[in-house]
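**Q** Residues per chain are reported as follows:
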Amino acid sequence: MRGSLAAAVALGVFNVLLTIAQAVVLANALGGLFRDARTPLRGDLVALVLLAVCRAIVALLSEPLTSRLARPVRHTLRARALDATLRPGHRDAPDAFVQLATRGVDAIETYLATYVPALVLSVGAPVALLAWMAFTDPWSALIVTATIALLPVFMILLGLEAKERMERSWTKQQELANYFGDVVRGLATLKAHNRSVAVTSTLGDVGDELRLSTLQTLRVAFLSGFALELLSSLATALVALVLGIRLIDGRMRLTTALAVLLVTPEVYVPLRRAAARFHASSDAVGAAGAILDLLDAAPSVGDGEPAPATPPRLELRDVRVTVSGRDHHTLRSLSAELDPGAIVALEGPSGVGKSTLLRALAGLDPLDQGVILVDGTPLSDIDAESWHATCAWLPQDPLFAGATVREALTMGEAYDDARLRAALEELDLRLDLDRALGEGAEGLSAGQRRRLALARTLLRPATVLLLDEPTAHLDEANATLAMAAVRRRAVTTIIATHRRLEVDGAWQLAAPERFGV
Amino acid sequence: MSRAHPSSPLRESLRLEQRGVALALSASVAVSLATVALSGTAGWLIVRSAQRPPILSLTLLMGVVQLLALGKAAGRYAERVTTHQGALRVMTRVRALTASRLEPLVPAGLGARGADVVETVIGDVDKVQDLLVTVAGPLSANLIAGLCAIAVGGFIAPATALVFLAGVVMVGVALPLGAARVGQGPQDELNRARELLRHVLDDAARTGDEYRGLGAGHVLHERCAQAERAYDRAVARVARRGALFSGLNLLTAGLTVMAVVANTQRALGRHDLSPSLLAVPTLLALSALELVGAASGSLASVRGGLSAVARLDALTSRPWPVHDPAVPSRLGPGSDIALSDVGLSRDGHVVLEHVTAAWRASDVVALSGPSGSGKTTLAHLLARFIEADAGGATLGGVDLATLTGEQVRTRVGYVSDDPHVFATTLAQNVRLARPGASDDEVLGALRSAGLGPLLSTLPDALATRLGGATTGLSGGERRRLGVARALLAQRPVMVLDEPTEGLDESDADALMREVRRQQRGGVVVVISHQDLPSLDATTRLRVVGARVLGADR
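Listed in order, the protein sequences are those of chains E and C.
Take the first sequence: its letter number 431 is residue 431 in the working numbering, and every next letter is one higher.
Take the second sequence: its letter number 50 is residue 50 in the working numbering, and every next letter is one higher.
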């Protein structure tokens, strides 16, 4: 990124030189006309055309350069954010994550690609312009230097507070968007209780409230812009005044005066640009904080040992789980063993933690207490990716990826249609592979949904099956088919179930007494 | 309130907030004018000084220059505050209006993919905000200022007016429009790439567990990398097109200034231009072109914003699934329900036909049938989320069509198969069903719905915050929450859509027993694909192929 940054800055400096040249040529032409309206202007006009061409070329080069500048950073951040959200135990609202990984990451890229070069130029360009001015007209240079010298004081005083407020404002903007999203998504629920009209009418008040606090922030944030604008326009006016007085005295030539007048506002342009970008990039500062939190919060997963390739022997030692969102262990500690290739039923009242235990076994959530041994190796020592590839999990409320039955089954992996059809047929599920499907597979009956999810699970080349209610919503015949299909896999299998199933054994999960079901 | 609103939420919001919008726009125009004027008068001052008049004759001009400088700075500040204020005001209205336009449509009027429609709406509202703040405001203000500069320049030196106009039109209108046109392809490509990326990330966030749990996590990484590469290509294309047009922009501006200088000479030769004003056209052109050029760059992103506006507008033209009568009847004394030969079609499909039924107080109706058979539509009909095309339906002897939805829902409580959990406390989540309810009543409803055990495990009991995707509530618990709301609301008729899905048999039985106990003396209608023996239904019906069949025993 350093090379591109240097190139971007070099183009910026070249642009400054072109600005000075254009001012000098224009002043020369107008000064000539002032002395004699018939002064030949051909040379100046040709120079103006050449300068215009040069500026166009600079623009042609710099935009693609800027767009590439922070690309590697964006790639890294996005990939790491995705990693973090896929790690065990990570629980962030999907909407917030998507917002962060798209708009947030983009804001950081924009910050790096535009603010950083602008910042470098905001120092370099005024120095170059002032050097020319000092050489041409020391008085004007002095006026401009004086105003610029005042700037940092203003900026630091105002910028610091603005920055802090901006960070808060970023989360506030999200709040408003989230509130709106929550209301709109819950509109049907509200309507059922005759509350939709009342609640939608509060959107205005909530928006007004947030608007007022956002405006308070902006009023302060804009003050630094105001200081910059004030100093720059006052300097222009003052320079014009001082130039005018010396012109009247005859101590200065019009050509010089015009060139200086044209260059004066240009000194502030890079500063203003940096300031504008600063405000735009306050978004990035807020987003950067949120992304760092995300990357920090996810527990890091080191490279572990590879998972066993054959159906393993599982052993649970003193395992306890906490059902998400609750602060008590809902499960009395469990110790049990399972032979390779055996099938065990996980039984117990609902809410006791069967699903949570299956999630832990699947490596989706960390275990609160106890150890799971896989062929004698603690699960936590096994490489997560490799363990995921080893087991196939059937969630209690499955969601389906993709838009068709085919995509729901393959999940982006390579399976040919014949295998997919066989997987459906095995469960007597007659569905066209091209049939359109939503995330929750709304068009299917509960039983079809269950069998589709089971087919998806049984399709994987797994040596451990973790099935959460595989036969729920199925009639006797279909349940028998499903169990036969599971048995055919001959892999280590744990089934959370309410139904009496023909299995090799059962683990009884019990709640602590005080839990009282 | 009986027909759809014709106007667009954005236009309506702009109209409602026209004072704020006008204020913001006039501040923008004023500050753009001050910028151009400062540059012009400063040039005038310099050239006039060079004619060496008595210094006193210039004090007025000097004063004007200083005043413009102050005014420009103060104006810029006022402009930024007022435009943001205006945009935030408008956006608050847009959000509120959009929600109120959606309100009559949910849940039956958004089609089969209602959830997707809602998500699109949420994204579009954000796009409208971008359109307002970054594009529409600055562009219009600077164009107005540019035209004013032409007028003044043309007044001073008519010979320069034509090239000046040509330059501003090129830089401010023709080039940006050309850029928007030629840039449309790349911009669409970028939007698609961004959408794809968003989709992949959203997929990862929502169904990441399924991917990982099935060993397909690598697919997400590959897809993300692939989407990122497409995004890179699109960004590069957009940047190249953008660069081309900013190059042309600067070239045109440079040539315009050159032509203005050449024409200044001609005007001086014909004595059309006072020599003291000879720098003014050039300086006006320089600053006006800079302003116009700076704002027009954003025109390329207008399209995305406009299509978001169009989609939001399209919402308003969707037909309402139910129309409240202008003069509603009074509710009848009881809450008996009678359906006679009810028929209902949607988008050319028959959803219900020849449905006839009569349910009285203390009836417990079990309604079963395959998916897509019309069970949920029948429930929507009872809650007056949708109305029948044929036949008659009465509540307490009064024709449903003569009652408003709100009236009907004071009698009919409906629990959907997917109750929303709001991002607020558990108490608020239940209390929305009856805002005045006490904590004890809320607790009672939660316990009756079988959420007592959950309650005892929540860290802050009733005050625990729920919501977002990580509610910590399972599917079964979400449905119980829905039932708790309905129990708190205490409606004489309760319609439950798949209340026991996600619950095991004994829990389902317990819940249904409790509902029956709480609802004693009222009507209970339970839609379920399961057989619920504990419901002890007085009537069992099957819905098959849009028809309601008799007893299913």
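Hints were generated in silico from the structure; no laboratory data involved.
Beta carbons: idealized from backbone N, C-alpha and C, even for Gly.
It cannot be assumed that every hint is accurate.
As the list claims (entries may be wrong) - Only pairs whose alpha carbons sit at most 25 Å apart, straight line, appear in this in silico DMTMM-like list of lysine to aspartate or glutamate:
1) Lys127/C <-> Glu426/E
2) Lys127/C <-> Asp106/E
3) Lys127/C <-> Glu209/E
4) Lys127/C <-> Asp313/C
5) Lys127/C <-> Asp205/E
6) Lys127/C <-> Asp208/E
7) Lys127/C <-> Asp182/E
Unchecked claim - Output of the computed footprint for chain E on chain C, the stretches with three or more beta carbons under 8 Å from beta carbons of chain E:
8) 52-58
9) 66-74
10) 133-146
11) 164-173
12) 358-364
What the hints assert, rightly or not - Listed next, the stretches of chain E that the computed footprint assigns to chain C, with coverage defined by at least 3 CB atoms under 8 Å from CB atoms of chain C:
13) 9-15
14) 476-485
**Q** A separate judgement is required for each hint: does it hold in the structure or not?
**A** Structure-based check of all given hints:
Our distance criterion of 25 Å between C-alpha atoms is broken by Lys127/C and Glu426/E, whose separation comes to about 47 Å. Between the alpha carbons of Lys127/C and Asp106/E the distance comes to roughly 15 Å, so the proposed pair stays at or under 25 Å and holds. For the given pair, Lys127/C sits about 22 Å from Glu209/E by alpha-carbon distance, which is consistent with the 25 Å threshold. Our distance criterion of 25 Å between C-alpha atoms is met by Lys127/C and Asp313/C, whose separation comes to about 14 Å.
With a C-alpha separation of about 22 Å, the suggested pairing of Lys127/C with Asp205/E holds against the 25 Å cut-off. Of the pairs offered as hints, the one joining Lys127/C and Asp208/E holds, with about 20 Å between alpha carbons and a cut-off of 25 Å not exceeded. A distance of roughly 18 Å separates the Cα atoms of Lys127/C and Asp182/E; the hinted pair therefore holds under the 25 Å criterion. For a cut-off of 8 Å, the count of residues in the stretch 52-58 of chain C with a CB near a CB of chain E stands at 4, and the three-residue condition holds.
Look at the stretch 66-74 of chain C against chain E: 7 of its residues bring a Cβ nearer than 8 Å to a Cβ of that chain, three or more, so the hint holds. Proximity of the stretch 133-146 of chain C to chain E, defined as three or more residues with a beta carbon under 8 Å from a beta carbon of that chain, is not established by the 0 residues found. Look at the stretch 164-173 of chain C against chain E: 0 of its residues bring a Cβ nearer than 8 Å to a Cβ of that chain, fewer than three, so the hint is violated. A stretch counts as covered by a chain when three or more of its residues have a beta carbon under 8 Å from one of that chain; for the stretch 358-364 of chain C and chain E the count is 0, and the coverage is violated.
With 0 residues having a Cβ less than 8 Å from any Cβ of chain C, the stretch 9-15 of chain E misses the three-residue criterion, and the hint is violated. Coverage of a stretch by a chain is defined here by at least three residues with a beta carbon nearer than 8 Å to that chain's beta carbons; for the stretch 476-485 of chain E and chain C the count is 0, and the condition is violated.
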